[in-house]
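J.: In the order they appear, the protein sequences are chains A and B.
Throughout the first sequence, residue numbering follows our numbering, covering 791 to 1385 in sequence.
Throughout the second sequence, residue numbering follows our numbering, covering 4 to 86 in sequence.
The hints are simulated quantities; they were obtained by calculation from the structure and are not laboratory data.
Each hint should be verified, as a subset may be incorrect.
Said to hold, decoys possible - A few chain A residues that face chain B, going by a derived Cβ cut-off under 8 Å, partial list only:
1) Gln1173
2) Leu1254
3) Gly1257
To be verified - Here are the simulated DSBU-like pairs of lysine-lysine, each with C-alpha atoms no more than 30 Å apart in a straight line:
4) A:Lys817 - A:Lys1202
5) A:Lys1164 - A:Lys821
6) A:Lys1287 - B:Lys69
7) A:Lys975 - A:Lys821
8) A:Lys1164 - B:Lys76
9) B:Lys18 - B:Lys69
10) B:Lys18 - A:Lys1202
11) A:Lys963 - A:Lys975
12) B:Lys76 - A:Lys1287
13) A:Lys963 - A:Lys848
For glycine and all other residues, C-beta sits at the position ideal for the given N, C-alpha and C.
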Amino acid sequence: MDAPLLFTGFPPALIFIAGGLMVPLFKGRLKSAFMLMLPIWAFVVMVQLPEGQHWVMKFADLDLIPGRVDRLSRVFGYIFTLVSLIAVIFSLNVRDDLQYTAGFVYAGGALGVTLAGDVFTLYIFWEVMAVASTFLILARRTRSARAAAFRYILVHILGGLCLLAGIVLFVHKTGGTAFGLMELKGVDAYLIFIGIAVNAAIPPLHPWLSDAYPEATVAGAVFLSAFTTKSAVYLMARTFAGTELLIYLGALMTAVPIFYAVLENDIRRVLAYSLINQVGFMMCGIGIGTQLAVNGVVSHAFCHILYKALLFMAAGSVLHVTGRIRCTDLGGLYKTMPLTCLFCMIGAASISAFPFFSGFVSKSMIVSAAAHEKLAVVWLLLQFASAGVFHHAGIKVPYFMFFGHDSGIRAKEPPLNMLIAMALAAFICIFLGVYPEPLYRILPYAVVYVPYTGAHVVGQLQLLMFGALAFCLLILSGYYPAEIRAVNLDADWFYRKGARAFYRFVDGTLNGLNRFCENLIARRLPEAAGRFTENASARMVMILVGAVQKMWGVTADRRSQVEENIQAVFSIGMIPLGISVAATVMILCVLFFIG
Amino acid sequence: MKKELTLFDNPRNVKRLLIVFYISLGGLLLIDPFIHKHSEFQWEAMPGFFAAYGFFSCVLLIFIAKFLRRLVKQDEQYYENGQ
């Protein structure tokens, strides 16, 4: 290997995690330079690493492979380091080491997952991601963010446990730790599948995403939008490509969240729903599993990470300068934030897959793959979702933030570093849309696909523009659902309300049982025993005497008189005890002598 | 304070934008029959299929979303209440 050890000697995940932990040691410009250096260094390592397995270790008879480099993992390594660089630039004005460290460790976890060649390394980095990302939500330091972070980590711990259980069964079954393409058969495969599906936000396992991402910090949401779901996409493509179930789950996943996105008031929550929708396209492509489809998935993940980061940056900028993020509070911001508006619209055009924007050259591969396989219903659903994406992410997001009714807010553009980050992402979105060859060259399989045909361009433009016409007409006619302050119930209702109901149930039954037992055994029973033993000898004598008197037909008056006498005798201790004791001693003596 | 953009405060500009928009819609429909199609499905080849599909998809989307709102809409404090 010609490359100096400095570059290829360190796993990219280690560069990020160790580097992230060192960030608080630096100050000022040095800190910024250090943070910018980390993703660039990791990117260089990704470029220089030859294909194969690196840094292989033995640990308790198990082979750990933290560096599996092939065409699939390399693309994800590129995009993860690239988006880290953009996210770092975007967050340079943040004065909060917690976010930096969490962001780097989180991104390092995603890189670790991407390069993991064995299930144990995979699991460790998987959990690193879950824990580190939680801090990006906690760092908002609001009550609702803390609550959302708590729910977020609980869901991910559950998903991680599923994955771990699957891994243990998998190792037990195969006897090795290396993993690759699997068949969705057997408990181990299903558990691993569910573990990945949680992170991929496949409905109904999705609501953690739309719940937590909008609660994250401005910069945190940019990191979050890139890694958890896309590392799950990578892993799903690695392990379950060609699994038919994913075609249908993915197609549904593209369609269901867009209804919520239309209704949602919080812009970042709209973006979260559209994120789920976009990952749906990828899941569908993984399910189809042909070379064209997998190429489509990888290129779409690549483009998606960039334009979704761009949209989250634009929305984050608005939140940063105005302190508001709800459609009902915003509008007319183009007047004083034209650059942010422009970048947002580039992101919106990219996610909508407008010709000459990045989404067009990637999503169309997945849709074409569905057509090649003659999956008519799936194809129609994907096209429906494509129109829907344009509707909510393409039009609604820029329209309600920057145009629409004038909210009267006259905010300035965000700080320069935020603008540079957005400009960089926007540039790549257009560059890849116009000239996709560099992206096509690094895809897992050779690309024979031509995105720019007349039929395709015109078809896509018709789909989008007439969708826009529907938006216009519905807005003008007043039929379009008004933006209102509301919570829209989603599947998280089951654990948010369900958990409360469960708590009440457990509280009611177990604590109720506890209280009942305490009352009965710790209080009533000793009391009763106390009462009984307090006067036990008198009571026993009364019971005996009473029974004998009844047999002899003594009158009730006489009986109560005798009882009183007995009570009185016992209460002053004047029982003729001596006679019975003497009799007992005599009997014992007689028995002794006879014996 | 920098001066503001007031591009869309003028109703004439909005109108112009809409006219450009409608013309481009018409253009897209007009050139459709002259495009060489290599469709996988029969319906793809129909002129204006994508236009109709895009339009009705969005109308359906809004229609269903409005219905969905009736089912899922709750007060903003919904999850905070009942504690």
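J.: Does each hint hold? Answer for all of them.
T.: Now for the hints, and whether the structure bears them out:
1. Gln1173: With a minimum Cβ separation of about 6 Å from chain B (threshold 8 Å), the hint on A:Gln1173 holds.
2. Leu1254: 6 Å, holds
3. Gly1257: Result: holds, 4 Å to nearest chain B Cβ.
4. A:Lys817 - A:Lys1202: The given pair, whose Cα atoms are some 27 Å apart, holds under the 30 Å limit.
5. A:Lys1164 - A:Lys821: Outside the cut-off at roughly 54 Å; violated.
6. A:Lys1287 - B:Lys69: 24 Å, holds
7. A:Lys975 - A:Lys821: 49 Å, violated
8. A:Lys1164 - B:Lys76: 38 Å, violated
9. B:Lys18 - B:Lys69: 28 Å, holds
10. B:Lys18 - A:Lys1202: Distance of about 28 Å is within 30 Å: holds.
11. A:Lys963 - A:Lys975: 12 Å, holds
12. B:Lys76 - A:Lys1287: 15 Å, holds
13. A:Lys963 - A:Lys848: 20 Å, holds
The structure fails to meet hints 5, 7 and 8 from the earlier list, while all remaining hints are met.
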